[in-house]
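Order-wise, the sequence lines are chains C and A.
Using the numbering used here, read the first sequence as starting at 1 and increasing by one per residue.
Using the numbering used here, read the second sequence as starting at 1001 and increasing by one per residue.
Don't take each hint at face value.
Computed footprint of chain C on chain A, listed as stretches where at least three residues anywhere in the stretch have a Cβ under 8 Å from a Cβ of chain C [claimed, not checked]:
1) 1010-1022
2) 1025-1033
3) 1069-1076
4) 1106-1112
Anything over 10 Å on all C-beta distances counts as not near chain A; from chain C, calculated [claimed, not checked]:
5) GLY5
6) ARG24
7) ALA58
8) ALA60
9) GLU63
10) PRO83
11) GLU88
12) PRO94
13) ALA95
Worth flagging that the hints you see were computed from the coordinates, not collected in a lab.
If you're wondering where the values come from, they're calculated on a predicted model, not measured in any experiment.
Where a beta carbon is used, it is the ideal one built from N, C-alpha and C, also for glycine.
Number of protein chains: 2
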Amino acid sequence: MAAKGIVLFGHGARDPEWAGPMKRVAARIAARSPDTPVGVAFMEFLTPTLNEAVDALAAAGVEHITVVPVFLAQGGHLKRDVPLLVAEAAARHPALTVTQVLAAGESDGVVEALADYALGVA
Amino acid sequence: MAAKGIVLFGHGARDPEWAGPMKRVAARIAARSPDTPVGVAFMEFLTPTLNEAVDALAAAGVEHITVVPVFLAQGGHLKRDVPLLVAEAAARHPALTVTQVLAAGESDGVVEALADYALGVA
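Work the whole structure out from these sequences, hints included.
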């Protein structure tokens, strides 16, 4: 059984092209870990919402969801707004646990990849 | 001579902690390529501005600056607003070339690092 699932959660933007890299990240996760259901969700402008993404994973039988903020850093959204959205989404599914982790950009691997990119294009 | 320099350009946020990962990226670039002057700049909320960062690299003798958007994706800011800021900063230094590249999040390496992070925390 696929007990664990991932929601990649992004800020969102008016330009639908903005979602492209997040969709590519989801595709890489699906390719590398086919047994881990993965979805994307957005805080504003784009859909699905976090509620919609969590509902979909719950319907797929997931028991624990990790909400991975695809944000460059911790800031007001992740400290104040997103925990409320996560709590709201979790409240719709009492049997589910939903955990928000640190912004992806805070990780050493992403920091190094950003440095790689900058050195490669300069 | 250090002819090339890098400005890591981010959106900015009200929370000063938000700048932490960008400063870590700059430190990694400085460690890996000590001859490449590197600065950070922000579109809003945080300083320095792009003008200030470009002025500083120009004063350090840099002749070509690559503005690396530390954004997750291409969107309205990078398509419309930032090119104007880059042109404005460049116009202050006629001897300098200033080039804006694609959002870092569009690169394969950053996409893979984001997938690594998500799989590692799920």
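Are all beta-carbon distances from GLU88 of chain C to chain A longer than 10 Å?
Correct as stated: the minimum Cβ-Cβ distance to chain A is 21 Å, above 10 Å.
Distance rule for GLY5 of chain C, whose beta carbon must clear each one in chain A by more than 10 Å
Nearest chain A Cβ is 8 Å from GLY5 of chain C, so the label is violated.
Non-interface claim for ALA58 of chain C, where every Cβ of chain A lies beyond 10 Å:
Fine: 16 Å to the nearest Cβ keeps ALA58 of chain C off the interface.
Does ALA60 of chain C sit more than 10 Å from chain A, CB to CB?
Fine: 15 Å to the nearest Cβ keeps ALA60 of chain C off the interface.
10 Å Cβ clearance of PRO83 of chain C from chain A
About 14 Å separates PRO83 of chain C from the closest Cβ of chain A, which puts it past 10 Å; holds.
For ALA95 of chain C, is the shortest beta carbon distance to chain A beyond 10 Å?
holds, 18 Å
Can we trust that ARG24 of chain C is non-interface, i.e. its beta-carbon lies farther than 10 Å from all of chain A?
violated, 5 Å
Against chain C, does the segment 1010-1022 of chain A show at least 3 residues with beta-carbon separation below 8 Å?
It holds, with 11 qualifying residues against the three required.
Has the segment 1025-1033 of chain A got at least three residues whose CB is nearer than 8 Å to a CB belonging to chain C?
holds (count 5)
Evaluate the condition: distance from the CB of PRO94 of chain C to the nearest CB of chain A exceeds 10 Å.
For PRO94 of chain C, whose nearest Cβ neighbour in chain A is about 21 Å away, the distance exceeds 10 Å, so it holds.
Given that the segment 1106-1112 of chain A was listed as covered by chain C, double-check it with a C-beta distance under 8 Å for 3 or more residues.
Since three or more residues must qualify, the claim that chain C covers the segment 1106-1112 of chain A holds, with 6 doing so at under 8 Å.
Quick one: work out the minimum CB distance from GLU63 of chain C to chain A and report holds if it exceeds 10 Å, violated otherwise.
holds, 12 Å
Checked against the numbered hints above, the structure violates hints 5 and 6; every other hint is satisfied.
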